[in-house]
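Here the protein sequences come in this chain order: V and P.
In short: position in the first sequence from 1, add 1123, done, that's the working numbering.
In short: position in the second sequence from 1, add 1123, done, that's the working numbering.
For the record, the hints were derived by calculation from the structure and aren't laboratory data.
Just so you know, not all the hints are guaranteed correct.
You can't tell identical chains apart in this list, so a pair holds if it fits in one copy or across any two.
Subject to a maximum C-alpha distance of 25 Å in a straight line, what follows is the list of computed PhoX-like cross-link-like pairs (lysine-lysine) [stated by the list, open to error]:
1) Lys1280 - Lys1132
2) Lys1199 - Lys1323
3) Lys1280 - Lys1199
4) Lys1197 - Lys1323
5) Lys1133 - Lys1215
Number of protein chains: 2
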Amino acid sequence: MKQDQASQKKPHVVIVGAGFGGLEAAKALSCTAVDVTLIDRHNYHLFQPLLYQVATAALTPAEIAAPIRHVVRKAKNIRVFMDNVSHIDTIKKTVLCDADRRISYDYLILATGARHSYFGRDEWESIAPGLKTIDDAFELRQRILTAFEQAEMEMDKDKRQAWLNFVIIGAGPTGVELAGAIAELARHSLTHDFRNITPKCARIILVDSGARVLAAFDEVLSAKAQKHLEDLGVNVILNTMVKHLSDDHVMLGDERTDCRTAIWAAGVQASPAGNWISAETDRTGRIFVESDLTVPGQPDIYAVGDTAAFTPEGAERPLPGIAPVAKKMGQYAARSILARVRNRKLPAFSYRDYGSMATIGRNKAIADFKGWKTSGFTGWILWSLAHVYFLIGFRSRLIVALNWAWAYLTWERGVRLITGRIRPTTKTTKQEQKNAA
Amino acid sequence: MKQDQASQKKPHVVIVGAGFGGLEAAKALSCTAVDVTLIDRHNYHLFQPLLYQVATAALTPAEIAAPIRHVVRKAKNIRVFMDNVSHIDTIKKTVLCDADRRISYDYLILATGARHSYFGRDEWESIAPGLKTIDDAFELRQRILTAFEQAEMEMDKDKRQAWLNFVIIGAGPTGVELAGAIAELARHSLTHDFRNITPKCARIILVDSGARVLAAFDEVLSAKAQKHLEDLGVNVILNTMVKHLSDDHVMLGDERTDCRTAIWAAGVQASPAGNWISAETDRTGRIFVESDLTVPGQPDIYAVGDTAAFTPEGAERPLPGIAPVAKKMGQYAARSILARVRNRKLPAFSYRDYGSMATIGRNKAIADFKGWKTSGFTGWILWSLAHVYFLIGFRSRLIVALNWAWAYLTWERGVRLITGRIRPTTKTTKQEQKNAA
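Using the sequences and the accompanying hints, generate a full structural model.
Take a look at the structure:
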């Protein structure tokens, strides 16, 4: 199909993915001398750092997501397609989408992000889902809330405890946030809302194969974070591999724990964009890029954010897969294209790291701003302000801030709804169903 | 399994369903001399009158739903089970649930509500879903928003128009609300957010086999409502039967309309509660009840709300399936049980009708308060105040009010997220898939 007749005159930039990298690129190209097509599988941009709050019933998806076309509505040179990219023809310079739609490009920005990785144990995905999309968050929310409901009805003591054991695998930022949030949820909803179970019953286990939580931070802050978690009642188990996962138990090293809810927060894998263009990638699928973020040998294709492995000069490791890096990369790719359209050239990409933060729970966060380290309440206030500030759209910011203020004052979680297909529960585990089939 | 040891001393009331009827009954029994078990398939009470706003992306589910156990958290004599009732043993006075859970009762209140009815054409359900649950609302929201996305990408003029035709079947309150809301959505989001389609393209068709919209109101208000709809750009087609429905077209009488989004708002059918207890029901499955809302011959079982067919003395028809009726019935059943526990007896159930309202869109509603009729802006203000007031929980009320104020000032719809599994679209229709299989 011919999609591009109107846009043949100006250079046409196609951006695949409207996460932090892709959306920043689109914004930087808005109302400029190029035509832009922004393609995403979803119709919304997701503020992923707060997704764990959807999974734990504190925020609704609408509070942390905004329709992409609404964000760029004023840029008449940008059109938005909700579509699935299946391949890229680098010879014909064409993006292939669903229903055989073809979109030709002059410049291409790949900003397709990452999914979680099960390190080859893909069968674990249905048992211990990860948290990357809104649908993931719904799934986790349903499982977590359903576990409490099942525990309340279960009269057998051991079976009840299995519903109240939550195992979170991976003690990076997502794992730590989830563990803290589930601990708070258990402690506070169980106090008033349930009759047969009490807060003391719930056991939240955070397990990691490494020696400390939040290993990307320095040791002092790591230790503070672990202390915060333990204050919330989280059971932190380090230096331990998960050897087996099933619907009703996990093996942490050689120890068996009965458990009906397991969550995966242990690893990420880049999207298959590298395969689409036959580019060289690192172990996690990120495309190695030049100093201007283009793909070696394919100067019209840029890779940004979680799709790119970019190692700054003199650094040992590539830049991490975090929102500020993705945004800067997206902006750079856009500016680089605009420069080339005018026959100019930008200096190489560089990234200035202002520091990083991680939250554990109410009043508890850690922050490291290039030497100035803080934790506890101060860290939490900084974390809250930064996250509300960066949320897209004034409305979301206002509503999220109100929601947080309300939750802070009342300990209430407003979104404790179990929606979607209800999972099989006490009657048969998935394994039993499989065996029966 | 033994579930009831602790509750053998006090009379045990089991309520099935936590809609308007069941929840009001539970509230009326809170902190009294009976033990209560409230069972619902979901963990939330849903404020169904505003569900169409979730389906049309104006509100999020959390704004119109509240966890049941949170609502009754202060009543320590009430326990809440999220469970599926499969049958009732009226001899042993036991409710049978999933996983072979059995709950014995002294008194039983059936408040199990209604679903939509396809009048024997059940194959239409997947083509034209109805709107009764949060999952229904997600499904409709996904279909409506996806239709605009597909239209934006479709270059074939006729196929594009099929995506922009919306057919709503049934011009009762739900159909009218949906038609008005979709018209507003089309008119306002298409103006700024899309590049290839414009508001004029979208066609919203409201079809009914009867002679007027909102037939439960008097003719003057019906005519006003139709005028309001037409002002919004809705195409109202009356005295017309839907003869055929498929994924890509509908037959309205003998006229074919290409259309990718059809919505069912034409009929309701009570839950199967009547079958569980082998009671006599009317054509739509509602249980005929005595003047004290008990089931004939089964004086310990009450039926309330949409589950009951109760015709007041001297009236021609049973009370309608609306929230105020269900609430009053639930309250009455609870008070009747409390009276019987004290060996007293209440006078027969009676219902005082204060009037009714229906909304069409921004600034447009009709209201009839026993003679005092109003429409347009005044009706809309009354409708808005009443609905915010009746929403459960201060927090929901505040957030909904803010959301409405914001939407009113900006025309913005905050929840335009397409979540869940994406339906097959241009590539193959469901019919084509079926044929291929």
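Outcome of the hint check:
no., hint, result
1, Lys1280 - Lys1132, "between (71 Å within a copy, 24 Å between copies)"
2, Lys1199 - Lys1323, "between (57 Å within a copy, 19 Å between copies)"
3, Lys1280 - Lys1199, "between (62 Å within a copy, 22 Å between copies)"
4, Lys1197 - Lys1323, "between (53 Å within a copy, 20 Å between copies)"
5, Lys1133 - Lys1215, "within (18 Å within a copy, 79 Å between copies)"
When each numbered hint is compared with the structure, no violation occurs for any of them.
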